[in-house]
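S.K.: Position chain V relative to chain R; hints supplied.
So the sequences go chain by chain: R and V.
Per this note's numbering, the first sequence runs over residues 470 to 859.
Per this note's numbering, the second sequence runs over residues 470 to 859.
FYI, nobody ran anything at the bench for these hints, they're computed from the structure.
Please note that the accuracy of each hint is not assured.
Since the list gives no way to pick one copy over another, a pair counts as held whenever it fits inside one copy or between any two copies.
As the list claims (entries may be wrong) - Okay, derived cross-link-like pairs now, SDA-like style, lysine to any residue, Cα gap no bigger than 25 Å in a straight line:
| hint | residue 1 | residue 2 |
| --- | --- | --- |
| 1 | Lys-812 | Arg-721 |
| 2 | Lys-551 | Arg-645 |
| 3 | Lys-782 | Gln-717 |
| 4 | Lys-749 | Pro-681 |
| 5 | Lys-488 | Arg-722 |
| 6 | Lys-547 | Arg-648 |
| 7 | Lys-726 | Ser-779 |
| 8 | Lys-726 | Thr-506 |
| 9 | Lys-726 | Gln-774 |
| 10 | Lys-808 | Pro-681 |
| 11 | Lys-718 | Arg-744 |
| 12 | Lys-693 | Pro-681 |
| 13 | Lys-489 | Pro-681 |
| 14 | Lys-718 | Asp-777 |
| 15 | Lys-790 | Arg-648 |
| 16 | Lys-808 | Glu-713 |
| 17 | Lys-718 | Ser-798 |
| 18 | Lys-808 | Arg-773 |
| 19 | Lys-749 | Arg-858 |
| 20 | Lys-815 | Tyr-745 |
| 21 | Lys-596 | Lys-718 |
Number of protein chains: 2
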Amino acid sequence: MSEYIEHDKTGSSAGLIEKKFYTFADQSDEMILENGTRFGPITLAYETCGTLNPDRSNVILILHALTGDSHMAGFYTKEDSKPGWWDIMVGPGKGIDTENFFVICSNIVGGCMGSTGPGSVNPKTGKPYGIDFPVITMGDMVRAQKALMDHLGIEKILSVIGGSLGGMQVLEWCVRYPRMVISAIPLATTTKHSALAIAFNEVARQAIMADPNWTGGNYYSGEKPDLGLAVARMIGHITYLSDESMRQKFGRRLQEKSDFSYDFSADFQVESYLRYQGTKFVERFDANSFLYITKAADYFDLERQYGDGSLVKAFSEVASKFLVVSFTSDWLYPTYQSKTMVKAMKKNGIDVSFCEIEAECGHDAFLLPNDRLTGLIRGFLEGVFNEVRA
Amino acid sequence: MSEYIEHDKTGSSAGLIEKKFYTFADQSDEMILENGTRFGPITLAYETCGTLNPDRSNVILILHALTGDSHMAGFYTKEDSKPGWWDIMVGPGKGIDTENFFVICSNIVGGCMGSTGPGSVNPKTGKPYGIDFPVITMGDMVRAQKALMDHLGIEKILSVIGGSLGGMQVLEWCVRYPRMVISAIPLATTTKHSALAIAFNEVARQAIMADPNWTGGNYYSGEKPDLGLAVARMIGHITYLSDESMRQKFGRRLQEKSDFSYDFSADFQVESYLRYQGTKFVERFDANSFLYITKAADYFDLERQYGDGSLVKAFSEVASKFLVVSFTSDWLYPTYQSKTMVKAMKKNGIDVSFCEIEAECGHDAFLLPNDRLTGLIRGFLEGVFNEVRA
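Extracted from the complex, chain R is given alone in its bound form (with noise of 0.2 Å):
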């Protein structure tokens, strides 16, 4: 999600990685949206790292979050600069140890990092869809990574594992394919998001629609709403730090200078810092993509769709083991409500252990490097491998 975190080449050790594509297509090549519309073909770029082991019983699936893509660890040339974006957690030795483990990183439908999004062509039309894409929901994701899990011949997963929208994909794929998922570590997420995280996504989205380039999501052959999607991601950097970190991070200091500047120029390094981030964002993300992936985090309500209104129902069929992890200056999903989460688990007699890790960092926190996190999950994961060997 934030891409502000800067990493050595050197510190990755998940070698070179390679990007894969899967197209499916259900007997009528297309599949039953939760709108009710039938959509496809279908492709979903996926990455692996590790060895799949003989009875398959160690696959570690890795979902992102917002502006994620399935590049999570190890670079794809030696060229490159920048490792994956969690490669901090995935390699061998790591805190998901890829000697240990086989493990997948899913993009989702709707983006735009090689899974088929509102910026692909519609082979009925030979144009982009545009805003013609249907609107999406977080269970279409989670449809379309597990008919990529069929295809790859895997029937369990050990532990299905993400942050923030990855987590909320998670809690999907736990209530959805509840035989199937082992385990599971939500990090940073909640099963329904809150009125404010609503609106910050729906300030964002007008902030793109308000572009006069946009034109209706009709924009892929032309000038590209760069200066809304901008602001959109701004907005979004905002959520995803917290005001204690902000102040840590930037405080007042001014940007190479010791005086204001009397005028609309970034006086302050939060303000260059911010203006970096969205000029550098629009590079490589698509404006309909973030309209349509905030929608569905928005949509995403495990009580109101899986249990009439309750949580506790909702999570009645599951039976994952939960490691939920929720952070201190998290003011996106704050703890209070990965503990809801919790206590509906626990009310189903689901095995659950939560962690509120002190970090000053926001909701970024599960992204940046933490001995507790990277411990945490290293040792639930030996735990629950252990189990399934036992």
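M.R.: Quick look at chain V alone, frame taken from chain R:
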């Protein structure tokens, strides 16, 4: 600041009020601004309520928040549907009792509510200033208000009162004119913007400047940057509420439908609320004024300007008695910022009462009916008035 507070005309007791204007000029018909430039003439809009007593000892100066105006209470005409923005607090028998006090509310330079601002005509060109308008500071705003006080023949102010940006003006008044301000009530405010507050303002400014209708601030003869300003306002509204207040006010309730729309219309009530606030705001506010006032708020930093980096030193000449009020759920200017202020005041031996009011409605709490706040203000004013007359 917030317009969603609906007033009932029958609730107002302040009666009819008249908007007044004062255009001031020093010797050279200009004022030297803090950025070093000469600027003028400057007109300030202001309103008064109550009667100035013969010894001029009952003056209260109210200063408003970012998007407020001088219309603090009562109605302009009998046909008005809404009274002034602080009608719940200002009027006969209210917290700020206009039967005892002569209450002045002054607008700010840089605004768009009758005072000189970027939308005013530049006498040198015959056209609106646009961004040729100088970047003004909290100090400039307060110095203009001081000229208004001089014009009205007021040498002592019993109490200067304001919330949010109004609270910053209150603090600036106390530091800049220590012998003139007998007491002060800064509400829900800060002595300097945090990185988080700057971040929100910067993203809002970027949203405005990203609107192609902004055209470098020179839009007064054509289409206005309404879409950008609406997004800026939506961002503001998120900061004025709180996670808890949004949960109570909106939760995940849907807007006039029982299921998701599966498109990008407003599904949730919170989305609809924000869109409405954005749309309504552009009818009454100038985008350039939004830029200038938020910049002044970001620049505001008492310890930098008056204390060589020390807030204690910044307050060293202050002679006012204080009532400082914060609200538990205000995450724009959280209580710890008020506590820092109070601590620095106490180190100077300043007589300060501090109260953190339990409130779930976020930063906007100071604008909402609250018996505790009303009682605190009434009691404090009675006390200082008695001392003055003793």
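S.K.: Determine for every hint whether it applies to the structure shown.
M.R.: Right, here's what the structure says about each hint:
For the identical chains of this complex, Lys-812 and Arg-721 are inter-copy neighbours only, at 20 Å across copies versus 40 Å inside a copy, given an alpha-carbon limit of 25 Å. For the homomeric pair Lys-551 and Arg-645, neither the shortest alpha-carbon distance inside one copy (35 Å) nor that between copies (52 Å) is at most 25 Å. Proximity of Lys-782 to Gln-717 under the C-alpha cut-off of 25 Å is restricted to the inter-copy arrangement: shortest distance 23 Å between copies versus 42 Å within a copy. In this assembly of identical chains, Lys-749 and Pro-681 lie within 25 Å of each other by CA distance both inside one copy and across copies; the values are 20 Å within and 21 Å between.
Neither within a single protomer nor between protomers do Lys-488 and Arg-722 lie at most 25 Å apart by alpha-carbon distance, with minima of 41 Å and 41 Å respectively. Taking the shortest Cα distances, Lys-547 and Arg-648 never come within 25 Å of each other, neither inside one copy (40 Å) nor across copies (69 Å). Taking the shortest alpha-carbon separations for Lys-726 and Ser-779, only the inter-copy value of 20 Å comes in at or below 25 Å, while the best intra-copy value is 55 Å. Taking identical chains as interchangeable, the C-alpha atoms of Lys-726 and Thr-506 lie at most 25 Å apart only when they sit on different chains, with a minimum of 20 Å there against 56 Å within one chain.
For the homomeric pair Lys-726 and Gln-774, the shortest alpha-carbon distance between copies (16 Å) is at most 25 Å, but the shortest distance inside one copy (53 Å) is not. Proximity of Lys-808 and Pro-681 under a CA criterion of 25 Å is satisfied in neither setting, with 42 Å inside one chain copy and 45 Å between copies. Proximity of Lys-718 and Arg-744 under a CA criterion of 25 Å is satisfied intra-copy only: 16 Å inside one chain copy versus 32 Å between copies. Taking the closest pair of Cα atoms, Lys-693 and Pro-681 come within 25 Å of each other both inside a single copy (9 Å) and across two copies (14 Å).
Neither within a single protomer nor between protomers do Lys-489 and Pro-681 lie at most 25 Å apart by alpha-carbon distance, with minima of 35 Å and 40 Å respectively. Taking the closest pair of Cα atoms, Lys-718 and Asp-777 come within 25 Å of each other only across two copies (22 Å); inside a single copy the shortest separation is 43 Å, beyond that limit. Proximity of Lys-790 to Arg-648 under the C-alpha cut-off of 25 Å is restricted to the intra-copy arrangement: shortest distance 12 Å within a copy versus 68 Å between copies. For a Cα distance limit of 25 Å, the shortest separation of Lys-808 from Glu-713 qualifies both inside one copy, at 22 Å, and across copies, at 16 Å.
Proximity of Lys-718 to Ser-798 under the C-alpha cut-off of 25 Å is found in both arrangements, the shortest distances being 14 Å within a copy and 24 Å between copies. In this homomeric assembly, Lys-808 and Arg-773 come within 25 Å of each other (Cα to Cα) only inside a single copy, at 18 Å, whereas the closest approach across copies is 42 Å. Proximity of Lys-749 to Arg-858 under the C-alpha cut-off of 25 Å is found in neither arrangement, the shortest distances being 46 Å within a copy and 63 Å between copies. Within a single copy, Lys-815 and Tyr-745 get their C-alpha atoms no closer than 44 Å, and across copies no closer than 41 Å, so neither meets the 25 Å cut-off.
Taking identical chains as interchangeable, the C-alpha atoms of Lys-596 and Lys-718 are never at most 25 Å apart, the minima being 44 Å within one chain and 43 Å between chains.
Of the numbered hints listed earlier, those contradicted by the structure are 2, 5, 6, 10, 13, 19, 20, 21.
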